[in-house]
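**Q** Below, each chain spelled out in residue letters.
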Amino acid sequence: MLLDVTDLKKSFSAPDGERTLIVDVPRFSLEAGEQVAVRGASGSGKTTFLNLIAGILQADSGTIVLDGNTITTMSESGRDRVRSKTVGYVFQNFNLLQGYTSLENVMLGMLFGPGVDAKHARALLERVGLSHRMGYRPGQLSIGQQQRVAVARALANRPKLVLADEPTGNLDQRHAGEALALIREVCKENSAALLLVSHDPAILSAFDRSEDLGDLNRAAAAHAAPSAVGGTR
Amino acid sequence: MNLMSLVRRSLRQHALSSFVTIVSVGLAAGLTMSVFAINAQTYDAFTGGKVGFDAVLGARGSQLQLVLNTVFHLETSPGNIPWTLYEEVADDSRVTLAIPYAVGDNYQGYRIVGTTTQMFTDFTYREGEGFVLKPRGRIFDETKKEAIVGYYVAEKLGLSVGSTFSPYHGLQFDEKQRHRDEYTVVAVMEPTNGPSDRVLWIPIEGIYRMSGHILRGTGAVYRPTDDAPVPEEHREVSAVMLKLRNPQAGFLLSNTINNQGKVATLAWPIGRVMAELFERIGWVSRILTMVAYLIVVVAAGSILASIYNTMNERRREFAILRALGARRGTVFSAIVMESTTITALGVLLGYLVYGGILSAAMVIVRAQTGVVLDAFKCDPSLWMTPVGMIILGALAGLVPAFKAYRTDVASNLTPLS
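Quick mapping for you: the protein sequence lines, in order, are chains H and P. The first sequence begins at 6 in our numbering and counts up one residue at a time. The second sequence begins at 3 in our numbering and counts up one residue at a time.
Treat the hints as calculated values from the structure; they're not laboratory data. Treat each hint with caution, since some may be false.
As the list claims (entries may be wrong) - Here are the simulated distance ranges between beta carbons:
1) A19(H) <-> L5(P): 34 to 42 Å
2) T11(H) <-> G303(P): 46 to 54 Å
3) Q103(H) <-> Q370(P): 51 to 59 Å
4) F404(P) <-> D9(H): 31 to 39 Å
5) L397(P) <-> A19(H): 54 to 62 Å
6) S66(H) <-> L5(P): 56 to 64 Å
Cβ atoms here follow ideal geometry from the backbone N, Cα and C, with glycine treated the same way.
Isolated chain P, as found in the complex (with noise of 0.2 Å):
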């Protein structure tokens, strides 16, 4: 038997009033840990750079816009630039890969982007990663009507290699825009945990060719036909996706698209684009952690009220035990140590919601965005707020335990009839 021992005690006696409290201060660390890893996580996952490209070329607007488009597979596409255009910069020696890049079709609500095979023999989504397929899967041909769907499309659509599907016009589904295309699936790709797993690959030849597509390349309308190549002058591309030599070629890039330019937006840094996004709804976030904070209060009240709430019932036994040789320290330590093992049993438990809800979010966020959340990402938050929570358990005991130190003895070893 020691002081734990009587903290255990307590804590059975009032079974009910500390199951609340843990649980209160279980739902307070889980949603506080919850709210700092999200936002950490998917602030790292939009601004992290790790999409693989610098810069985006796009029609003039936007640099938000298309980035959230080209890269993050969001938003409407701002608009077309010319071929040429795109074959321009990919011949600039600032520029060591040029990516084109064409949207405007989707298959059940995923988008369909256009590109070259370049984008599964160059392109590297993170430092030495490419994209990889899954066995039996190969790169499309660029003249073919062939598909290489992302691992989340094929997942959640049940696509595999052989599938076959047709194509729907716009970046929303509409059962009535189907094109008469149909196109077959060659490849699944491993998964990325990024946007492209959301995507559907087809040549770009493909988006031109689409039954139904116009072409507006020259600024007349260009109608391709099955059986005539089409002329560079009539192609457009939704975005060029670059990635350049060094930071001086962006600079320099930027000021010449963006500012003595009048047809194109280069978006770059993508990482800096990205960061002013979440500037800008940085008040969300601001809010959502006032509230946890708020919790985290509500929960430290919570302690103080269950504990203090017992102090008249129990002022016997403090006397008691006083009466039995107990300092007051002795008391004052038992009930600080009460609600600091309410506080750290509430933590514990408070993992398992963090479990709970960054599981939830992930879900959310992987079919919104396709990035994963990872819920055991090391984040300061996962051991900051415990151990800021069972300080402020402990001091929520102080109250009660102030009131347990000044219990009079004599007065209150008194019959109890």
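Excised from the complex, chain H in its bound form (with noise of 0.2 Å):
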């Protein structure tokens, strides 16, 4: 088993002081090489819950163990370690650095990893179709392109869980259903699993398995528009 997630909660404290809990999630688990995709609406959690198997959040209680490492129990710089090696991260919004090329932003990936390989950040683009756009920066590239630019990131490291958080939130339907394609196509080529979340029921139609945050997520049914912190949840 990749992932595998025991009695995870993470709350978060409101202006007012009250804590709100904002991921409390029995039970979920991921097999290697396995895609699967997660709905839920807007503020349900589904960004919190990916940042707690990325590490980048660390759980109030609970378990996650990612490719048999417990990393709730982890340091953040170790959390940090596991996160470069064995996650890929794309982005809602892409996230790729304004004053750096498309190939940097994808060898920029690979710093914190194993280390920078060139020619696997050309590749990755290549496969993405962006062979002819390495020396661009994000502001001369088109919204899909931003988004090839950000997939061949998160596998720069050959990761074995690659985290999309509304990949496809940005685009149009006819370029949605193309992205979508091929984020899965590249990670079943680089043997990664995939955890999407995404609010959008044609998305999920797409995967053998799919799942519905409101039922995987306790929290979320119980605050039907809890108020945001630190961005979408």
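Dock the two chains into a complex; use the hints.
**A** Right, dumping it as structure tokens:
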């Protein structure tokens, strides 16, 4: 098993000081190479859930075992290390660094992992159809092209798990379909498992396994529209 | 791509503020190195004892004035002493060399010194280094109106062997005070990089016989005439430059002349007399040093401010880097490396600033004193200042680095719109 989540809980303090439980997932697991879509409405704790799995956030309680590493008991730097080696992340807004070219953005993903491999970075960009845009900066690329750079960057360190947070949220329907197909294909080619969260029901239908965060996350059910802390949840 | 690539990119992205900060660090480093180097070099030049003489005998008065007037050709002469005193001290067994020295005239503001040929045959201004004349030059004939011109004077006034000039009375140039006498340049000196480069040397007899000069060696006024020798009792000298057999000789002579005598002053040892001057004006040096330190602190502050001001716009960048696996320590290091790089670049620029300031200082100090500073002379400040500033620059980076270190990843990965 690649990912095993047990009794995971995460809460945040609201401005009035009251703590709000955002994530309460009793059980979730993912096999190596498996592709799973999780549907969740806005504010259902999707991003928080992914950030916990990526080790960006520390859980209040519960266990996350990722590729044999119990990241919930690890120090922050330990989680950083696991993330850089094991996890690729495609953000909803791509989070590309504006001052860097497509190639540099992909190589940046490698900088904190096993090491920079320019040849592999170029191959990834070629694979996502951007061989002619390697020297372009994000501002010089279309939204779809930026998303493809983000996909290439997520796969830069040959991760075992790719997390995708609303990866098609900024694309129109036609491009969304193409982008989704691309993410799934390159994850498969790179033997990476894919955990994709989205609020778009159309996307979920493309996956063999899809889950509803409302069922997975007991906190989401309790809060119809919790206040946002730290971005989309 | 490595951590340095991130630093390079950041410097390029914030090119203007980086440039301004680098310039301010460069100015601070250059100024600081210059203050220390000029202080050290002028102190060495004026107190280092490399003037060739151990002591100066002159009229009763200030030892400092005597040294400044005779060794460095600055200030006015405190007065004259009789020729007999020169002869007395020259015959003293404790004295190995005594050269008389008479001043009172100038040419275009450069001092004319009357002396004997011993100045060019026996005197060494440094260990084993006497005055060297340029090719075609020769030592003046003590009975003729001939002159040997210092290197700097010759260069500035365009004098060469065969040139003629008429001295002007006094140490300040006044065109109304022109003497009728005409002197011929018989030699130009090779540079000594010392005060002697700013002097025109003539026979001491020439000073006595200069038109309009009067002598008071006996206390009574005596006007030399062209056809008669100047009686010894009427002769005077401004000072006598002395080389002594050993330090004990200086101590004994000083005791005899300064403590027991009433007509003359012995400035001994010359280095100590000049050191006293530097001690007296040491506050200027201390203020300059404090100003230099202050500038360094301001430069460090500008590094801090320039990087700190970019922190807000870079929070998202740090969050992305962290999301990609960068440790907190990595982000922290990148910022410290950035401040260190800015300082290092500034320090490199500082060497240029130092070169510029030293070049200007060399021209001014040389013009005023004849002393030539050496911009390339190894001074501890030339490595201590850069190392100190780089450490300070790294420390200045700690505050913004700590802010980057504390960047919350999740909250800064929010959508742009």
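**Q** That 51 to 59 Å hint for Q103(H) and Q370(P) (C-beta), does it hold up?
**A** Given about 57 Å between the Cβ atoms, the range holds.
**Q** Just tell me: holds or violated, for the beta carbon distance of S66(H) and L5(P) against 56 to 64 Å?
**A** Since S66(H) and L5(P) have Cβ atoms about 36 Å apart, the given range 56 to 64 Å is violated.
**Q** Quick one: are T11(H) and G303(P) within 46 to 54 Å, going by C-beta?
**A** holds, 52 Å
**Q** Just tell me: holds or violated, for the beta carbon distance of F404(P) and D9(H) against 31 to 39 Å?
**A** holds, 36 Å
**Q** Check the following: the C-beta atoms of L397(P) and A19(H) are separated by a distance inside 54 to 62 Å.
**A** Given range 54 to 62 Å: violated, Cβ gap about 39 Å.
**Q** Would you say the C-beta atoms of A19(H) and L5(P) sit inside 34 to 42 Å of each other?
**A** 38 Å Cβ-Cβ, so the 34 to 42 Å window holds.
Hint check: violations occur at hints 5 and 6; the rest are consistent with the structure.
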